[in-house]
Structures are given as C-alpha cells and as structure tokens.
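Generate the whole structure from the sequences, applying the supplied hints.
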Amino acid sequence: MDEERLDRLNGMLKRRGFLLPSFEIHGGSKGLYDFGPVGGRIRSKVNQEWLNHWLQLGNVVEISCPTVTPYAVLEASGHVGEFSDFMTQCTACEEASRADTLLEPYHPNPDALKRDDLQTVLTKEGPACPACGEVSWSEVVAQNLMFNTTIGAGASGRPGFLRPETAQGMFTSFNALYRHFRERLPFGAMQVGKGYRNEISPRQGMIRLREFNMAELEYFIDPQSPTNDDLTPWDTTPFSLVPDGRGPVEMTLSAACKEGVIRHSTVARFMGITFDFLQAVGIDPKRIRFRQHEGDEMAHYAMDCWDAEIEGSYGWIECVGIAHRGCYDLESHEKATGKTLRARRDFDQPRTMIDAWTIDGATAGPAFKANAGLVKAAVEALQKETEFPVSLTLANGDVVEVAEEHVKPNQKTVKETGEWFIPHVIEPAFGIDRIIWHVIDHAYAELEKNGETYTVMKFMPTVAPVDIAVFPLYEKDGMGKTAAEIHHRLCARAGTVSMYDASGSIGRRYARADEIGIPQCVTVDHQTLEDGTVTLRDRDSGEQVRVPMDSL
RNA sequence: GCGAGCGUAGUGUAGUGGUUAUCACCGGGCGUUGCCAACGCCUGAACCCGGGUUCGAGUCCCGGCGCUCGCACCA
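Once you know that position 380 of the first sequence is 383 in the numbering used here, the rest is easy, because the numbers rise by one and skip nothing.
Mixed in with the good hints there might be a few duds.
Said to hold, decoys possible - In the DSS-like style, the derived pairs of lysine-lysine whose C-alpha atoms are separated by at most 30 Å in a straight line are:
#, residue 1, residue 2
1, Lys-197, Lys-338
2, Lys-17, Lys-289
3, Lys-17, Lys-33
4, Lys-261, Lys-289
Unchecked claim - Estimated spans, in silico, between C-beta atoms of each pair:
#, residue 1, residue 2, range
5, Ser-141, Asp-287, 44 to 52 Å
6, Glu-449, Glu-262, 36 to 44 Å
7, Ala-283, Val-64, 15 to 23 Å
8, Pro-24, Lys-452, 46 to 54 Å
9, Ile-203, Thr-239, 43 to 51 Å
10, Pro-24, Ile-203, 14 to 22 Å
11, Glu-85, Glu-262, 42 to 50 Å
12, Glu-65, Ser-554, 30 to 38 Å
13, Glu-455, Arg-496, 34 to 42 Å
14, Gln-59, Arg-511, 35 to 43 Å
15, Arg-206, Ala-283, 25 to 33 Å
16, Lys-261, Gln-59, 20 to 28 Å
Keep in mind the hints are simulated off the structure, nothing from the lab.
Glycine residues also receive a C-beta, built at the ideal position from the N, C-alpha and C atoms.
See below:
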C-alpha cells in the first residue's frame, strides 16, 4: 500500500470537489461524506449504470421505498434481534462496554452468547471496569446498530428506524410486484438509495460510513424450476474465485457451476453481470475477485453467498454481496403479518389421482348395510394390487370379509392445477460508495510531464463527472462568445454536461480538465472564426483533431 | 469502544510563550503570449471548538469534535 499516494489522492479529491467531509464548518461528523460538485455526478452516473446493467435482464423493475421504516418491519426481518451488540454500563464511572468483550477472559466465545447467558456470566465472573476498576455493572441491554426514530408525534408516535438496507421494501412490496409481472417468476425488483448503520467506529474514508449509498436487487425464483442461466458470455473469462475452505482458483463461471463451487447458476450469472458492471464503470478487472462466505460467516438467512472484493489502497475490500437467501425473508414477513407472500406454481398437467378400488354400491350396500360407509373408506385405502377376497378391520373395530363382487376399480381425476409456494430470492447488494471509491482509486494516475507530477483521472465516459470541456483560446475577438455558444448547445443536450473554462492559460485548463477526468476538450481558436472548425483533444492520448463545431 | 499520534488559507506546509502567522502550489482580476500547469502586476484565503494557565497562547494544560494508525467491531 502506498500511503503517500493515498494522501495525495485524498488531498486532490477534496481540492477538486469529489469527496468532502460533511458539515465540516460545524466540526464535521464521523462516517458522513458529501459528494461535492464533481463527485455528485459520478455518483448519479454510477447509479444509472448499475440500473442499466440489471435492466438488461428484461424482467426487473426499479422501485423506491422509504428510508424511514416501522419497527415491526425490521423486527420481522430479524434486524432488531440480530443487528445489535450487547452493552453494559459501569454504574461507578458510566463507561459503556460491550458485554462480550468484558467476558473474553472467562468464556471461549462470548460473542455467540445470548443476552441472558451474557448476563449470567457477567454476574458470575464480575470483571472489573476497564476504565475505573470497579465491579458494578448495569443490566445487559441490546445496543442496536440501527438509527432510532419516532414516526409521528406525541402519544401517537410509533418507534421506527432508518433502514439498514433497502431490501425489506422489496419484500414487503412482493404482492404488488407479483401482479405487475403477471404472476410469472422469475422477476426482480431493485432500488438504489440510502442505508444507515450507526457504526461504532467508521473508518477508512468512504469504506465504512454511517449513511451510505446502496443498490440492491431482489430476484425472485421458483426453487423447483429448472434454471436456464446462460453463462456462455463469460466462457472466455477466467474469474478469480476464493471458494469456502479452499485457496484461490481461476476458473470460468460455467466450470465453477459444473463442479459445484458455485451452488446456483443464477448466483453465477449475477457474478458475471457484476463483473461486467464493475468493468463498465472503470474497475480494473485484474483487481476483482469473488470470495465465498464460509459457513459460520454467512448471515442468518443465507444459503450461499459470494462477495465481490476489489483491491485498492485499503487492500481487498468487500464491495458487493451476492446472496442466495432462500425463502427466509418472505417467510419471515408472512409469519409476522399473517399475509401470504407467495407465488403459484402450475403443474404441467392437472394431477390425476387414481384410487385403486371402491365399493360397488349395488352389492356392498345390501351386504354390509350400516357398515357400508366404513367399508368404502377401508376399500379406498387399499393398494391397487390387493387381491380379493380380503379381510378388513373397519374403523369401528368390526372385521369384515370383502369379496371381489363387492368392489370395482376406482379411477377418478382430482383436479389440482398448481400450488402456492414461497419464492426463493437471490440478492445482489452493492455498496455504491465503496465502488465509487475504487473507481476513483483505479482511475487516479500520476504521470510525469516535463519533470513534474501530472494528475489524470482516467474515468470511463460512463462515469466521467463532466463529459466535455469548452475553452476559448482566449476570450476576445468573439472566441469567448463562440465557445459559450458551443457550451450552451452541448449542455442543452440531455445527459451531457459541458464545462466552460476561460481562466488561465490553455495548458492550465487542459490540466484542470484532466484532473477531474473530462474525456474530451474543445478549443475555439482563430481558425474557428474563419471556417467554423474547432480542435477536439483526447484526454488519454493528448491528440487533437480538427472538426466542424456543428459535428460535436 | 480502548490505546497512540495528529488538527495552521482550497491543497501541502513553516512556526519550542512575544508585534502585522512562513512558503509553495491554488483561486480571482488585468495585461502579455496564443494549444498542453508560461510570464508580470494586483488580489483572495487559515491557527478545529470551548475552557484554563499567563502581562501575553497557533505554541503549555483540560475537555469536546474531527482525522490517521493499531486493537476491537464489521448481519
């Protein structure tokens, strides 16, 4: 890791308005970052590129749910119970400590203990307060890592949280999504938005934040349907995989699926799409790897989980999680609400049930009289291979002899056209801030020009914060006016951001444009006034071509 | 959360109790030049916050906030 490079990069990001500590004039606030005048557009372009990639699936919609979420929703999802640390407070000095940390000397794995067990061990062992040495602890309480809030005022206010992930909104909207997709699986819903986690210790710049941008897709599937995920687009691309319990390997997604390294082909396909997306926003493909969660690391719900990790200035960082969550989430919300969150699976053909035998009423009725009904039930329970006569014990204890003449073959069709089931879900979840960090990290190039360091952000056009810069060679003789006209014409085009810059020498302006990664610069010069052509300069090659200004 | 270090213009910095806080890059204006951070003149901009010690605090002490690193945490 090159810490000096990281320092120079961070300085540049602040100086140029990519990333800024939030609320700095009030002293700042840990774990909160602004995307500045340059960074803001990178963020929205990365979000858009993400949406575009998943929309290619053809059966995915974008939705947007509130960040303010009622207590009950996150209780049902398991976040209230699981997403917390157990804290206790020293009654002498009011120092708060984590109960499991205090008990580490006394228990092999205090982290795994439930609240009551922690309380028991704490009371029994009585560790001294690390701050003041007293042994006097308050009751152990769960300290949730979610931000609390109250929805509504006064007595009518109900407890809620800022969401720790966007996923729950997709689950609670399941029935509307199911209708929208004409009741056909598979389909997906996705959203990009903010998530909140009240981290104990946010660190490493953009890597761990208290409010962060996330993008999640919940893709609902029928676990019994054959998968038809086409992995051939990636058959020529070896992926760096780190499977559970094994060393790193290079293999294609198809091979990894065939060998059972990746347990579900849709997970594999999403890994492929993830790889494509990361590459499209400018992540160096050589610095992407996929690591499988080990059994004990997996979240409470997951059946298989692969993280996409990206290597950058902080080492290998988890930026994407692709989890096969089974039916956990929908089932949890069903249980909590009593509503059904299910899809219907049609059978290939209506099911036909052929009962082997039934009674022949004309002979059995007179023969068994009052027992005829019980005889019927007993006969219909018999196997088709039964030979008559046979001795049967009826439900009332009577034993009867049933002869061939009392029965006849029974064939009836019971129409069952399908069944309701809880879909399984495969969830790719992206930490957008971490991805943007690595996009910036990988784009940042320190070149040398005339013996001095020269900084260029080699952004892909898909994420470049400004698409084109327009310079008048100098601002007189109408060159400024022409350049401004070109600038406004470009800005009027949807999706295009142009920057006008006339201050300083032309070389200085190219340098400024390079530092925020503008792919192309247009310069209006004397010749423009004569023949309407301008120079178009490419950021990475430095080459200039002369083109008619109307062709831009 | 614990421990250590740090906090001075937009950025990077100098400043071991004493006047008007150093330097560079940077930003803006004018002029000159006219296609890759050119030059000249002018100009803009900082001691994280609060308390204490002192005749006097950017400097010393205490607390807070923030940053970096290590430990811990990271569904």
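### Query
Would you say the C-beta atoms of Arg-206 and Ala-283 sit inside 25 to 33 Å of each other?
29 Å, holds
#### Entry: Cβ separation of Pro-24 and Lys-452, checked against the hinted range 46 to 54 Å
Distance hint for Pro-24, Lys-452 is violated at roughly 31 Å.
### Query
Does Lys-289 lie within 30 Å of Lys-261 when you go C-alpha to C-alpha?
Answer holds: Lys-261 to Lys-289 is near 24 Å, not above 30 Å.
### Query
Range hint 43 to 51 Å: satisfied by the CB atoms of Ile-203 and Thr-239?
Once the Cβ atoms are compared, 45 Å apart, the range 43 to 51 Å for Thr-239 and Ile-203 holds.
### Message
Taking 42 to 50 Å as the stated bounds, is the beta-carbon spacing between Glu-85 and Glu-262 within them?
### Response
33 Å, violated
#### Entry: Assessment of proposed distance window 15 to 23 Å (beta carbons of Ala-283, Val-64)
Because 21 Å falls inside the window, the suggested range holds.
### Message
Taking 34 to 42 Å as the stated bounds, is the beta-carbon spacing between Glu-455 and Arg-496 within them?
### Response
Since the Cβ atoms of Glu-455 and Arg-496 sit about 36 Å apart, the hinted range of 34 to 42 Å holds.
### Message
Against the range 44 to 52 Å, how does the distance between the Cβ atoms of Ser-141 and Asp-287 compare: consistent or not?
### Response
50 Å, holds
### Message
Holds or violated: the 35 to 43 Å window for the beta-carbon distance between Gln-59 and Arg-511?
### Response
41 Å, holds
### Query
When you take the CB atoms of Glu-449 and Glu-262, is the distance between them in 36 to 44 Å?
42 Å, holds
### Task
Could you check the hint for me, namely that Lys-261 and Gln-59 are 20 to 28 Å apart, CB to CB?
25 Å, holds
### Message
Need the status of pair Lys-197, Lys-338: alpha-carbon distance at most 30 Å?
### Response
Holds, at about 27 Å.
Taken one by one, the earlier hints fail for this structure at numbers 8, 11, listed in ascending order.
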